[in-house]
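Chains as they are written, first to last, in the working numbering: chain L, -7 to 318; chain D, 12 to 339; chain Y, -18 to 307.
Hints are computed from structural coordinates only; laboratory data are not their basis. For each residue, glycine too, the CB sits at the ideal point set by N, CA and C. Check the hints yourself; a few may be wrong.
Quick list of simulated restraints, FRET-style, between CB atoms [what the hints assert, rightly or not]:
#	chain 1	residue 1	chain 2	residue 2	range
1	Y	Glu(-16)	D	Arg45	51 to 61 Å
2	D	Ser221	L	Val303	19 to 29 Å
3	D	Phe152	Y	Ser104	23 to 33 Å
Incomplete in silico selection of chain L near chain Y, CB under 8 Å [what the hints assert, rightly or not]:
#	residue
4	Asn33
5	Arg35
6	Glu210
7	Ser214
8	Tyr216
9	Arg218
10	Lys223
11	Ile225
12	His234
13	Asn238
14	Asp312
15	Arg314
Simulated pairs of lysine to aspartate or glutamate, EDC-like, Cα-Cα distance not exceeding 20 Å [stated by the list, open to error]:
#	chain 1	residue 1	chain 2	residue 2
16	L	Lys45	L	Glu56
17	Y	Lys63	L	Glu56
18	L	Lys212	D	Asp332
19	Y	Lys62	L	Glu210
20	Y	Lys227	Y	Glu112
21	Y	Lys46	Y	Glu(-15)
22	Y	Lys52	Y	Glu(-15)
23	Y	Lys249	Y	Asp196
24	Y	Lys43	L	Glu227
25	Y	Lys227	Y	Asp196
26	D	Lys184	L	Asp24
27	L	Lys212	Y	Asp(-8)
28	D	Lys187	L	Asp24
29	Y	Lys43	Y	Glu64
30	D	Lys55	L	Asp122
31	D	Lys187	D	Asp162
32	Y	Lys43	L	Asp122
33	Y	Lys52	Y	Asp0
34	D	Lys55	Y	Asp238
35	Y	Lys43	L	Glu56
36	Y	Lys43	L	Glu215
37	D	Lys55	Y	Asp(-8)
38	Y	Lys46	Y	Asp0
39	L	Lys212	L	Asp122
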Amino acid sequence: MLRYILRRLLWLIPTLFVVTFLAFCALRIGTDPLASFLKQNPRASLANIKQYKSVNGLNGTIPEQYFHWLRHFVTGNWGRSIKGSTPVWPDLKHAMANTAVLGLFSSGLGIFFGLSIGIIAALRQYSKFDSVSSTGAFVALSIPPYISAIVLQLIFAVYFTRWFNLDHPFLPTSGIYPPGHHGFDLILRIKYMILPGVVVAIQTLAVYSRYMRASLLEVKNSEYMRTARAKGISERRVIFRHALRNALIPVTTFAALDIGAIIGGLVITENIFGYPGMGVFFLKAFNNGDYPQLMPWLVIVAIALILFNLVADVVYAFLDPRIRLA
Amino acid sequence: MTETISPAGDVQLPDDAFDADQAEGLVTSVSPSRMAVRRFRRHKLAVVSLMVFLAIAMIVILAPITTRYGQIERLPAIGNKVGNSPPSWKAWFGTDDLNRDLYSRIIWGGRVSLLIGIAVAVVSSIVGTAVGAIAGLRGGFLDDALMRTTDLFLAFPTLVLLLVLRSMFSSLKWLKWLFGDLNSIRFIVVLLSILTWMGTARIVRGVVLSLKEREFVEASRALGASNSRIIVRHLIPNSIGPIIVSLTLAVVGAIVAESTLAFFGFGIDPVYATSWGGLLSDAKGAVIVGRWWLVVFPCAVFVLTILCVNFIGDGLRDAFDPKQDRSH
Amino acid sequence: MPEEPVLSLADFRVSFPTDDGDVLAVRGVDLDVGPGELVGIVGESGSGKSVTFLGVMGLLPKSAKITGSAKVMGQQLVGAKKEVIRSVRGENIAMIFQDPLSALNPVLRIGPQIVEMIQSHRSMSKSAASEHAIELLDLVGIPQPKTRARQYPHEFSGGMRQRVMIAMAIANDPKVLIADEPTTALDVTVQAQILEVIQRIQRELQAAVVFITHDLGVIARVADRVQVMYAGRAVERADIDHLFVKPTHPYTRGLLDSLPALGGERLKPIAGAPPNMLNPPSGCAFRARCTHAAPQCAHGEMALVAFNGSETACVRIQELVTEGAL
């Protein structure tokens, strides 16, 4: 088991190198930091330009530039954004925290209810509950998140206020705090997270309920379920110890991967609701061609994905003894 | 179709094995494709969706007949307004701020969106099937590398990938022969295909891997069949099911991806054409000022089409894999 | 039978509703098994041999329709409450299945799976039950039972796994053990070992064994009595020697003839195929393939009737024996 983990960890380093290098190349080709710099500083002198280029490692061949960036990245020197010249790390940190809160909170809800619905649907196969929840999940997954986001915005920003003659929106549809607000306020924070959270939670719920249902159904029809029943053990035990224990294995593995994807996965929702997380950070940086902000963003998301990929593998091996020999 | 490939021929029975009054006891045999059709028809939602989708497709194909105005044609004044009229007899779904008929624009937009969806699906299916099959058959390092790369790509947020790749490819002048101009339909189709083929490749690889293990492949080999014969006569017929299903998924994926790009301002340049995504993007600010029709109708048609294609895909999945549980 | 039968079936019927109609899988089976007897049930796939006993144990899908009588140790199981059936399973009557790899829960260790069987029917502490489990493993001939109990199913070979299944089944001293094709999935040499284990267990526990198989060779080695099934009904029932030397049904004759002979003659399969159980033929279901079929074979219930020390369902048996046709 330990050997398995070690082997996967060994693969981690080269993978990270390759991924960051590819991202580096893609960004360097796609965005031109110099052009963005000039756009923000149209009256920069030649000396400024030269200095900017050397500080940011824009001289030399692509591999040289890559290692220049790598050295800086690893030592924590992430530079400043092109627009506004603000340090990259604090803003990125904030964005990460916001996204983490929203993502984990709404995913958590979605997973909990999704699993529950999936379990009940599988145990009561062909019942009304099953057909309704399955079709519901299917429909929910067919509606692209940005559409449900707009629709919710529509309802809550425009129509609720109109219908109920409120003087401010019932549920906030944009941002994280009302403009001009300072400090930390839990209630407000939650209020502003509700709408984007619901959009994410619905998607998560739909995915997990289908997944859990499918997994449990497959287990339900396994031969060892028949043996378990033949042993005359209680139905509760049959379900928990045999059915669920086995059915949750692929679901848990999936969840590990899914959680790793949260950090970069709310781009669309955040942008529509103006929620200042990683998604908003990315789009703003991209539209500005703000290369110093984009690169760390990509790398962090990639690291999260690769890391949680490893976690998923380890969890899987832990839960399913058949894998451990591999 | 995955379970129903028959062995090399039926066992020869002696002539007196059957006579007339045995008919009551015999099992009737049905060909695999007929069984697949039967199973599809049992999935009522899929059948309904198929009909709705065909209706939409018909309307869209016959655009010159079914539309009332051109794609960018501006209407004369309705009432005393020029632009932004709610639904009326003159403009069934209302008009936008340049007083263009929304109903017609939705149909013209459908042409673009569906074209993109189908083009991407076809291209990515061909490429994905080829790569996935080779990876599955050869195995080894090639297969490993493919899985790892696609793993990562598929896990990355889609919009991010789309945007980064879009800017990258548009900067590579030497690729212009393939991509065409930025924000043209061709560009979008190539870009989306590059992202979509990976999903198909994975599915096909999975199918090929599982088929490789099946006894009938071994049996064929034992009978002296060459690799290409095995591929053509056994692997392809058995993979058609999953390939078709992934094709429907690709159509939906492409339509949604294109509309997402358009929504954030990176879609098709209106100079070329307007897609459903473009309509939705135009309608971004419409809600606040109460022009609900600019959002509701495009959204409804968009979601309806996606739902239909998804249900059809679900029905096809049931049709081709009898072991698969009926999820309705 | 001087003593009360431990297992008693009377007009036992099972049918499954399908989209095309009811499949009549078992069409009136009678059987009395005495204590300590080993009864062989022989038949092709589709003869209903497994379905019958799965039905007795209540292990068929909920949609199955079961009528008739099935008594275990005098307890009626048809139509009995779920609790009753559950308590009888694993306690008075136990079952071992054909493929031990899929019949055991792959993610649980062997020991706990046996302990679970014990603790569901008697109140024992976990340590006492674990001790008992290790004894059982020893009883079925598994070397180093203490270490083995902590292993997972996939760490055992096929034969060992089947021994584990047997150990699990006999944990609570059941008076009836149903063995559903226990050796079919095993190598011939291992088959012999498992048969030996089953016979030994039967002797030591004084348990009755119902041995279901399609393999006449295996039956010849272990059974006291044999019941031959075809198309959901019993067609012959006889002591083991009578069956092989003086079969009283054309189907049995056909089965015996189709056994490969060491003399190297051509194989003589029974022509035709089993009937469609959606619409079984009237009268004798075998008449379509029987070389001795006559008009009277098409009518009647075809119940087992005593003949020369055996029981047979063939209405023409007297004539056939006179002609020397069997």
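These are the hints, each one checked on the structure:
In this structure the supplied range 51 to 61 Å holds for Glu(-16) (chain Y) paired with Arg45 (chain D), their Cβ-Cβ distance being about 56 Å. At about 27 Å, the beta-carbon gap between Ser221 (chain D) and Val303 (chain L) stays in the expected band of 19 to 29 Å. Distance hint for Phe152 (chain D) and Ser104 (chain Y): a CB-CB separation of about 58 Å, inconsistent with the stated range 23 to 33 Å. Contact between Asn33 (chain L) and chain Y, as hinted, is not supported at the beta carbon level, the nearest pair being about 62 Å apart and thus beyond 8 Å.
Contact between Arg35 (chain L) and chain Y, as hinted, is not supported at the beta carbon level, the nearest pair being about 68 Å apart and thus beyond 8 Å. Hint status for Glu210 (chain L) relative to chain Y: violated, with the closest Cβ pair at about 13 Å, above 8 Å. The beta carbon of Ser214 (chain L) comes within 7 Å of a beta carbon in chain Y, closer than 8 Å, and the hint placing it at the interface holds. A hinted interface residue such as Tyr216 (chain L) counts as satisfied when its beta carbon comes closer than 8 Å to some beta carbon of chain Y; here the least separation is about 5 Å, so the hint holds.
Hint on Arg218 (chain L) holds. Least Cβ distance to chain Y is approximately 6 Å, under the 8 Å limit. The closest approach between the C-beta of Lys223 (chain L) and any C-beta of chain Y is roughly 4 Å, which is under the 8 Å cut-off, so the hint is satisfied. With 8 Å as the threshold, the beta carbon of Ile225 (chain L) comes within range of chain Y, its nearest partner Cβ sitting at about 4 Å, so the hint holds. The interface hint given for His234 (chain L) is met, as the beta carbon of that residue sits about 6 Å from the closest beta carbon of chain Y, less than 8 Å.
A least Cβ separation of about 6 Å between Asn238 (chain L) and chain Y falls short of the 8 Å threshold, and the interface hint therefore holds. A cut of 8 Å between beta carbons decides the hint on Asp312 (chain L): the least distance to chain Y is about 6 Å, and the hint holds. Hint status for Arg314 (chain L): holds, given a least beta-carbon distance of 5 Å to chain Y, under 8 Å. At most 20 Å may separate the alpha-carbon atoms for a hinted pair to count; Lys45 (chain L) and Glu56 (chain L) meet this at roughly 13 Å.
A C-alpha spacing of about 74 Å is found between Lys63 (chain Y) and Glu56 (chain L), which places the hinted pair above 20 Å, so the restraint is violated. A hinted pair counts as satisfied when its Cα atoms are at most 20 Å apart, and Lys212 (chain L) with Asp332 (chain D) qualifies at roughly 19 Å. For the hint linking Lys62 (chain Y) to Glu210 (chain L), the alpha-carbon distance of about 27 Å lies beyond 20 Å, and the restraint is violated. For the proposed pair Lys227 (chain Y) and Glu112 (chain Y), the alpha carbon gap of about 49 Å is over 20 Å, so the pair is violated.
With a C-alpha separation of about 27 Å, the suggested pairing of Lys46 (chain Y) with Glu(-15) (chain Y) is violated against the 20 Å cut-off. About 11 Å separates the Cα atoms of Lys52 (chain Y) and Glu(-15) (chain Y), which keeps this hinted pair within 20 Å; it holds. In summary, the hint linking Lys249 (chain Y) to Asp196 (chain Y) is supported, as the alpha carbons are separated by about 16 Å, within the 20 Å threshold. Our distance criterion of 20 Å between C-alpha atoms is met by Lys43 (chain Y) and Glu227 (chain L), whose separation comes to about 14 Å.
Taking the CA atoms of Lys227 (chain Y) and Asp196 (chain Y), the gap is near 18 Å; set against the 20 Å cutoff, the hint holds. Distance restraint check for Lys184 (chain D) and Asp24 (chain L): the Cα-Cα separation of roughly 14 Å lies within the 20 Å cut-off, and the hinted pair is therefore satisfied. With a C-alpha separation of about 31 Å, the suggested pairing of Lys212 (chain L) with Asp(-8) (chain Y) is violated against the 20 Å cut-off. Annotation: proposed proximity of Lys187 (chain D) to Asp24 (chain L) holds, straight-line Cα distance about 19 Å (limit 20 Å).
A C-alpha spacing of about 15 Å is found between Lys43 (chain Y) and Glu64 (chain Y), which places the hinted pair at or below 20 Å, so the restraint holds. In summary, the hint linking Lys55 (chain D) to Asp122 (chain L) is supported, as the alpha carbons are separated by about 16 Å, within the 20 Å threshold. The suggested pairing of Lys187 (chain D) with Asp162 (chain D) is violated, with an alpha-carbon distance near 28 Å, which exceeds 20 Å. Between Lys43 (chain Y) and Asp122 (chain L) the alpha-carbon distance is near 17 Å, which keeps this suggested pair within the 20 Å criterion.
Distance check on the hinted pair: Lys52 (chain Y) and Asp0 (chain Y) sit about 32 Å apart at the alpha-carbon level, beyond 20 Å; violated. Taking the CA atoms of Lys55 (chain D) and Asp238 (chain Y), the gap is near 51 Å; set against the 20 Å cutoff, the hint is violated. Between Lys43 (chain Y) and Glu56 (chain L) the CA atoms are separated by roughly 69 Å; this puts the pair beyond 20 Å, and the hint is violated. The suggested pairing of Lys43 (chain Y) with Glu215 (chain L) holds, with an alpha-carbon distance near 16 Å, which does not exceed 20 Å.
Restraint check: the Cα-Cα separation between Lys55 (chain D) and Asp(-8) (chain Y) comes to about 41 Å, which exceeds 20 Å; the hinted pair is violated. Between Lys46 (chain Y) and Asp0 (chain Y), the direct Cα distance comes to roughly 15 Å. Compliance with the 20 Å bound is thereby established for this hinted pair. Distance hint between Lys212 (chain L) and Asp122 (chain L) is fulfilled; the C-alpha atoms sit about 15 Å from each other, no more than 20 Å.
Violation of the numbered hints given earlier is confined to hints 3, 4, 5, 6, 17, 19, 20, 21, 27, 31, 33, 34, 35, 37; the remaining hints are satisfied by the structure.
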